[in-house]
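Which chain is which? The protein sequence lines are A and B, in order.
For the first sequence, the positions run 1 to 378 when this note's numbering is used.
For the second sequence, the positions run 379 to 474 when this note's numbering is used.
None of these hints come from the bench; they were simulated from the model.
Careful, some of the hints might be misleading.
Derived Cβ-Cβ restraints for the label pairs, each shown as a range [claimed, not checked]:
| no. | chain 1 | residue 1 | chain 2 | residue 2 | range |
| --- | --- | --- | --- | --- | --- |
| 1 | A | 31 | B | 392 | 44 to 50 Å |
| 2 | A | 59 | B | 404 | 40 to 46 Å |
| 3 | A | 9 | B | 470 | 37 to 43 Å |
| 4 | A | 163 | B | 439 | 29 to 35 Å |
| 5 | A | 351 | B | 418 | 49 to 55 Å |
Not close to chain B: a few residues of chain A, all C-beta gaps over 10 Å, as computed [claimed, not checked]:
| no. | residue |
| --- | --- |
| 6 | 60 |
| 7 | 101 |
| 8 | 248 |
| 9 | 296 |
Note that the structure is predicted; figures quoted are calculated from it, not measured.
All C-beta atoms, glycine included, are put in the ideal place defined by N, C-alpha and C.
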Amino acid sequence: MKYVEEFRDPAAAKTVLAAIAQITDALKATADAPLRIMEICGGHTHAIFRYGLERLTPPGIEFIHGPGCPVCVLPMSRIDECVEIAERDEVIFCSFGDAMRVPGTGKSLMQAKADGADIRMVYSPLDALEIARRNPDREIVFFGLGFETTTPSTALSIQQATRENLRNFSVFCNHITVPPPIKALLDDPHMQLDGFVGPGHVSMVIGTHPYDFIAQDYGKPIVVAGFEPLDLLQSVLMVLQQIRDGRAEVENQYARVVPEDGNAVSLAAIADVYEPRPSFEWRGLGEIEESGLRIRSAYRAFDAEEKFAVGYGAGPRQSSEPEGCACGQVMTGRIKPTDCAQYGTGCTPELPLGALMVSSEGACAAYYQYGAVYEAAE
Amino acid sequence: MCLGIPGRITEITDPARLMAMVDISGVRREVSLACIAKPDLQELIGEWALIHVGFAMSLIDAEEAAKTLEALRSLGEAQETLESMAETQIALEGRG
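Same shape as in the complex, but just chain A (with noise of 0.2 Å):
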């Protein structure tokens, strides 16, 4: 148990390593025939190759690496229509920089500001809205992405730019929701799946009500989880529970951050700005329905969609995956990414073919960043 002796707290950390253990052994689940838990969250998954906790945990526990990465699930045609705005010659485009090195079906942002194109890397949408105040003949377009947890910050940025009338301000809005992807993978007949680890952040914005299909309509366990290592090793612990118990309950480990409600002000804003699209394209996992947001129409003076005329407003769009990429497999538990014949050789963090090589919350690149450590361990 080399690792063990990073965590924070050892002895708590073996306590429920070997309750997590016992109850792996009573249930009679082996690596033939394993209980698989997801993990949906993207951090969670880079924690558990970080500290090694699917060599701590028994053979008998799979985890699959669920949809939880935004930069990961970005269809490279999203890339594409990002790159086309970007290429106008009035736009300075905004993006986080974990967004710069996606690959699009042509280039990614970071190969279009190679090639001239303003574009500029920041922290925050509130940072885009500055650029905006401070260039008025420019046109200044946030690239918006990510799950529940960003979206309030796009909202609210739209909301301030609207009491500004800010007009040289728009958002290319690519924000997605965690449950439908949930749905779509329980209703795949090839996924089996005993239990998951719930996303601790997401749902400091969307409480845990969200997840109660999963329990009632399919069920599952879920227990939403905090990041520490320990956190995680409790939540699966409580997923074990319930199975052994033959319970199937929402449970909240991370109570300290998660209210059971959510963040009031940050679901106004969402509701305000935002409403579902009748379906949206998932890397891997083709379109979900209501998967993902768009901006309602009374802000659509900074809908970069509207404005610009690009994605799902301008027509039919084509999806399309790089040769022999295999991120769809990889992101449906249906393979691991070392199954992948371009991993590691054909697709690495430097030059990443698909997207779970691109950001360190992608298994791809969790499993390269901490597969040296693993083999040395074996």
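Given the coordinates of chain A, assemble chain B onto it according to the supplied hints.
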């Protein structure tokens, strides 16, 4: 980019826009308090909050802040956030 980072609120900078200065691992950054605002914003000075892309999303206690920062540092996420806050200065000045 999905994780918030703990910061301590040090000063209310623009009460009308609900903006405040926070200290995030020694770096000063102006953030919005919209999601955690109270009638008297001054009461928030000295409090710890989880800061996500420029917005204080949730108040936390000092111990939770310390534990979260440690976890983010070990994941490399804290450094990434601080780098992106530095990067944004370049963007604002148009040198990027």
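Against the structure, the hints:
{"no.": "1", "hint": "A:31 to B:392: 44 to 50 Å", "result": "57 Å, violated"}
{"no.": "2", "hint": "A:59 to B:404: 40 to 46 Å", "result": "43 Å, holds"}
{"no.": "3", "hint": "A:9 to B:470: 37 to 43 Å", "result": "42 Å, holds"}
{"no.": "4", "hint": "A:163 to B:439: 29 to 35 Å", "result": "33 Å, holds"}
{"no.": "5", "hint": "A:351 to B:418: 49 to 55 Å", "result": "53 Å, holds"}
{"no.": "6", "hint": "60", "result": "27 Å, holds"}
{"no.": "7", "hint": "101", "result": "13 Å, holds"}
{"no.": "8", "hint": "248", "result": "26 Å, holds"}
{"no.": "9", "hint": "296", "result": "19 Å, holds"}
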